[in-house]
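Novice: Each chain, letter by letter, is given below.
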Amino acid sequence: MARLTAEDLIKLKEKVKNENALSKDGYTVKITVHLGTCGIAAGGDVVYEALKEEIEESKRDDIKVVISGCAGMCSSEPNVTIGRIGEDAVIYRDLDAEKMRKIFQGHVLGGEILNDYAMARIKEPV
Amino acid sequence: MSENNSKAEEKTEEIAEEKVEEKEQEKQKEEKVIPYLEDVPFFGFQKLIVLKNKGIDPELIDEYIAQDGYQAAAKALLEMTQEEIIAEMKTSGLRGRGGAGFPTGLKWEFANKSEGDIKYVLCNADEGDPGAFMDRSVLEADPHAILEGMIIAAKAVGAHQGYIYCRAEYPLAIKRLNIAISQATEYGLLGNDIFGSGFDFHLEIYQGAGAFVCGEETALMHSIEGKRGMPRPRPPFPAHQGLWKKPTVLNNVETYANVPQIILNGGKWYAGIGTETSKGTKVFALTGTVKNIGLVEVPMGTTLRTIIFDIGGGVPKKKKFKAVQLGGPSGGCISEAFIDTPVDYESIAKVGAIMGSGGMIVMDNQTCMVDMARFFMDFVQDESCGKCTPCREGTRRMLQILEKITRGEGESGDIETLEELSEVIKDAALCGLGQTGPNPVLSTLQYFRDEYEAHIFEKRCPAKRCPALLEFEVDEEKCIKCGICFKQCPTEAITWEKKQPAHIDKEKCIKCMTCITNCPSDAIF
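Chains as they are written, first to last, in the working numbering: chain A, 230 to 355; chain B, 429 to 953.
Simulated from the structure, these hints should not be mistaken for laboratory data. Incorrect hints may have been included.
What the hints assert, rightly or not - Once the Cα atoms are required to be at most 30 Å apart in a straight line, the calculated DSS-like pairs of lysine-lysine come out as:
no., chain 1, residue 1, chain 2, residue 2
1, B, Lys719, A, Lys331
2, A, Lys244, B, Lys603
3, B, Lys719, A, Lys246
4, B, Lys480, A, Lys352
5, B, Lys854, A, Lys352
6, B, Lys719, A, Lys240
7, B, Lys603, A, Lys246
8, B, Lys475, A, Lys281
9, B, Lys832, A, Lys293
10, A, Lys259, B, Lys909
11, B, Lys745, A, Lys246
12, A, Lys281, A, Lys293
13, A, Lys259, B, Lys832
14, B, Lys475, A, Lys352
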């Protein structure tokens, strides 16, 4: 990638923002796995692996997975945030591989929020 | 259509409408089961500046750029003079987040005015307080914010080389920093002629081996120079003679994370948050016996009560709040009587603790304050570099006395000796480690002197934490005959039968404290 000028910076910002909007990049679901040291220590990497397996099995190519740092409440980790196009995103808490698989089947594929594992909704569209 | 009919129809319509409404209400109720993030007290009470990008992918620079990333750097490099940047920082009122609270703008001004062709900008990511993890989380979640803050600082003082001093115990932070540096270099945001402004800035990571004293600025610089990490007397201050005797600015991770926001939104905006003397927000690592453990960013001036009870959810399982330790081994504890103290540099110092870098450890009534002071003194003693006598010898003597007291061998006069030693070490130690090392002892003596006295004169540990002062016997009157201790004892030293009080066999007991910790009726003494 070439060196950026100040104008490039703003163009790139708009471009990334546009691409990140779910409708425009062909994705319908965005899943964020919160993987700081605290998340990994709590088993976040196992959850991440389980999620990747589920996505592969589902043969869906419209699901985007990203990683991030600590979501803030370390005692509720592992955390995963799931945003479906046009819906509030939901952040789940205290996950393990099995719960992740249930959430994938129930929420990501089925559209039903799993209240038992959910911590909060996030209003902003992802 | 008759009147009756139409009325009936209206009625059915009404009923139908009511039903729809009911259904909607039910639906809303169902939806309300999961609150919005801002309605969860843990998140709702927070104000995010440093942590605002915690949800982005830290390994993709584009994600940071989409959050207005590097626009502050572009503004500083292309539109602002060094003086304007420093003036903006001074207006913001930002003070060093490493704990000492020195005004950042002033620090930059000193380094800017200091003569020299070569200058350095350093980031102190040597977070070492037990129970502190703010800097690590920021580095892992938003590494580019630190890079951008450092670029702006470099421009302000005229430095072209920077180092991030990060401890090797933070492998993920180092990995993400390295990715961030290489991506920023690829985009030309680090290196020569950034944004075509003619300004050069190169950045490297220096991995510390984990010595606590290397968080002290002069020791940190010695460590980068390849020397043994030991402090030296100041002056000369780093702004005049720092790394390789060149003018140097050293700021903490959180300080740098604030900088891009200040340049982008203006110093006035930042100064509008917080209290008279402490501006902006502070990130705390909330931990200990509190329901919600995690990172908390609040405006300066928020009370400890709000942080611990509203955000933290209070002390769990019917235990009682006793005290909160601020600033780790350099800080002090604050008792319940002062729980309404607002967090700002001055107010916290007034009640005997320090703001520190942001470690906040909540303690319940099962914490022995003498043992807590002993723990921190053990840490300070262990981490003392040994260069100056007051710290090397003094902390050792203080630790010995504290150990003696917790063993039940305390004598009359021990408290006074601790106080005298504390004053001498505070006055005479070479660096911050020694100068602040006695603080946990002094503050526990201030608020919990009776616990020291109980240990020394009554040979009793009121919190039941010091095994040497416990009998490991069951008070049969208090015992509710539940059998919990019996089930949890790892050495089968406890005998119990239904509806009978428990009994501890002292021959088999290893004094592991499991029964005392878990007894619901406080019957074991």
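Novice: State the violated hints by number, sorted upward, taking the hints as numbered earlier in the document.
Specialist: Hints 3, 5, 6, 8, 9, 10, 11, 13 contradicted; others consistent.
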